[in-house]
Amino acid sequence: MTVSPAAVPPATVPPAAVLRATAAMDADVLIIGSGAGGATTAAVLAEAGLDVLVVEEGEWVEQGALVPFSLEQMDRQYRAGGVTVALGLPSIAYTEGRCAGGGTEVNSGLYWRPPGDVLQRWREQFRIVDFDPDELLAIADEVERDISVCPAPGGYTEPSEVLRRGADALGWRNGEIPRWMAYPNDQPHGQRQSMTRTYLPRAMRAGARLAVECRVDRLRCGAGRASSADTTLADGTPGTITFRHVFVCGGAIQSPALLQRSGIRGHIGRTLAVHPTVKLAARFPEALNVPDDVPVHQVKEFAPHLSFGGSASNPGLVALSLLDQWATFQQAVTQWQHISVYYAAITSEGLGRVRSFPRMKDPVVTYGLTLRDRALLRSGLARLALLMLEAGALEVYPSFKGAPSVRNRRDLATMQQAFSATKASVMTVHLCSTVPMGELEGRTGADSFGLVHGCSNIYVNDASLLPTAPGVNPQASVMAFAIRNARHFVASGGRRA
Amino acid sequence: MFSRSLKVGTTTTQRTGGDAISQLRFHLLMRQVPALPVVGSFAERLLAADLPDLTAAKRREVVGFIAHRVDALPSFTRFGVLLLGTFFRTLLAVPGGWGVARLLIALPLPLVAEYPRLMRSLGFAYVWEHWPATTPTGDVAVANAAIGEAAA
Chain X
460 MTVSPAAVPP ATVPPAAVLR ATAAMDADVL IIGSGAGGAT TAAVLAEAGL
510 DVLVVEEGEW VEQGALVPFS LEQMDRQYRA GGVTVALGLP SIAYTEGRCA
560 GGGTEVNSGL YWRPPGDVLQ RWREQFRIVD FDPDELLAIA DEVERDISVC
610 PAPGGYTEPS EVLRRGADAL GWRNGEIPRW MAYPNDQPHG QRQSMTRTYL
660 PRAMRAGARL AVECRVDRLR CGAGRASSAD TTLADGTPGT ITFRHVFVCG
710 GAIQSPALLQ RSGIRGHIGR TLAVHPTVKL AARFPEALNV PDDVPVHQVK
760 EFAPHLSFGG SASNPGLVAL SLLDQWATFQ QAVTQWQHIS VYYAAITSEG
810 LGRVRSFPRM KDPVVTYGLT LRDRALLRSG LARLALLMLE AGALEVYPSF
860 KGAPSVRNRR DLATMQQAFS ATKASVMTVH LCSTVPMGEL EGRTGADSFG
910 LVHGCSNIYV NDASLLPTAP GVNPQASVMA FAIRNARHFV ASGGRRA
Chain P
820 MFSRSLKVGT TTTQRTGGDA ISQLRFHLLM RQVPALPVVG SFAERLLAAD
870 LPDLTAAKRR EVVGFIAHRV DALPSFTRFG VLLLGTFFRT LLAVPGGWGV
920 ARLLIALPLP LVAEYPRLMR SLGFAYVWEH WPATTPTGDV AVANAAIGEA
970 AA
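Protein chains in written order, with my numbering: chain X, 460 to 956; chain P, 820 to 971.
Just so you know, the hints here were simulated from the structure itself, not pulled from any lab data. Here the structure is a predicted model, which means the values were calculated and not measured. Ideal Cβ placement from N, Cα and C applies to all residues, glycine included. Hints may be right or wrong, so weigh each one.
To be clear about the criterion: a stretch of chain X counts as covered by chain P if any three or more of its residues have a C-beta under 8 angstroms from a C-beta of chain P, and this derived list gives those stretches [claimed, not checked]:
1. 536 to 542
2. 772 to 782
3. 785 to 799
4. 819 to 826
Label-pair ranges, simulated between beta-carbon atoms [what the hints assert, rightly or not]:
5. Ala875(P) with Asn644(X): 45 to 55 angstroms
6. Val526(X) with Glu880(P): 13 to 23 angstroms
7. Arg879(P) with Gly913(X): 47 to 57 angstroms
8. Leu902(P) with Thr881(X): 16 to 26 angstroms
Bound-form chain X, shown alone:
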């Protein structure tokens, strides 16, 4: 991975430059969503001289204005206050960003390039044409410069050291994951180089318009072509946007939902892929809790099937992690400063669905874990608990109903026996693959450059396109593919039919 030195953060766009949507707007190219896919698409197209309008359902929130991972941030920058769930046994909680910049404003900021073997597999199994993995990795180089991907200067936080220390003791492969952060004057707290600080200002400098608090309800389509979008403005009044081309970049849940609401059929929303995670809280002799940041280390000894990392651990989230077995774990909450929360994430073989129904504003999301997924979650949680003990944890509190606390290796067997995925708090933050790209009939929803099958001017350009879950944080993959596809759109004159 190319790692650039920490750059001076670019100036943010003054909020005055962000538009309030109006009832009637038009553009050559409408981009729906301003996250990792939408912002990069906007920058490429605007810099190519196209008339670009980006609409975002959420509000513009200045980076640093809210406490990271707080309930207020959940209210203002997440969809449904962060309370969204894929129904199943167990149901899987997930989160989606809903603000200018999308998920890049609120996620951990950890950067992973798309693995080369995964790119090869996608190309072959989904027949992605004109796709050179090396070209995509060259785009990743650019992205890394643009968003200042770099390691943290100086030392690591103690919760991060816990992961390193435990993995080292077990001889497990681990390392620091660089982040899209700038660290002016080597300050330990970085400034997140999210879309509102990078690609959105760049797009706007090139003439793109950004309108916030504007929800797109449906696209008006006829004969495989969309000509306008029905919108709802912040005050509830309806609006319309006319356009020649539209890029749907609302993320892996909202993009297929919008296409379905617009009457577009095909392989849309049928193959939701996620990285399910289970969690535990670990208590240490010393106070180590960092409420507003996450560890930068990840343990990849069992990757791609299984990875370990650290979660946000403010007092509210510590209490949540103890909730499943509150009767026996409750005393630990008084020592939240000594507790940090960690996760085991798996590459799932299960699949989910996104379905929209008439007159319902939001889609219904479902997900089913396979037996192999359940076994992997069980072994993942046990290995993570072992790692915590090796790192010096006094006590480990797994997040599932009926969980015993773990104080030594003997307790691990008891914990494994008691574990069942249906009793666990399973969640995910990586959602993808609901409109997979490629030419393979019956398994893809869009062509090799994101043009929705059967349509002549409707593109998808976000995490929905990734054919499967990549096994690593997907944002880098999303950005690289979005830039590739946008460049192809420009090179082909924006008139692919």
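With chain X held as given, fit chain P onto it using these hints.
For chain P alone, kept in the frame of chain X given last:
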């Protein structure tokens, strides 16, 4: 969207001829039913049982937050939560209903078990984010006094 939905909704409701179940479903989906009266009593009982030392005023504040979050849920999830909420609210109105409710929520019933879990998750997240020194029984004042003494 909202006004347009209401308009469409009026038409739909008229078309279905006043079918009560259909109307309830529609009103729940269209966010015309506020969550607080539906989930409030159950959330309050649950918090009183889990965190008995949380003062009534603080408990009401937490319940208000829970209802606010339920109102913001995606439509289908909100519909399900309010259906369950209606069931439990009815149960609580019956003598001995809380005992039955406690029995039900202790069972590993799919979806039913998710309801108290949602209430607890939201409530606990709020309590410990706003008053991190709260004791496991919900005593905010004692914990804060202890902090004050330590500081002094």
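Hints, verified against the model:
no.: 1; hint: 536 to 542; result: holds (count 4)
no.: 2; hint: 772 to 782; result: holds (count 8)
no.: 3; hint: 785 to 799; result: holds (count 6)
no.: 4; hint: 819 to 826; result: holds (count 5)
no.: 5; hint: Ala875(P) with Asn644(X): 45 to 55 angstroms; result: holds, 49 angstroms
no.: 6; hint: Val526(X) with Glu880(P): 13 to 23 angstroms; result: holds, 19 angstroms
no.: 7; hint: Arg879(P) with Gly913(X): 47 to 57 angstroms; result: holds, 54 angstroms
no.: 8; hint: Leu902(P) with Thr881(X): 16 to 26 angstroms; result: holds, 22 angstroms
In this structure, every one of the numbered hints holds.
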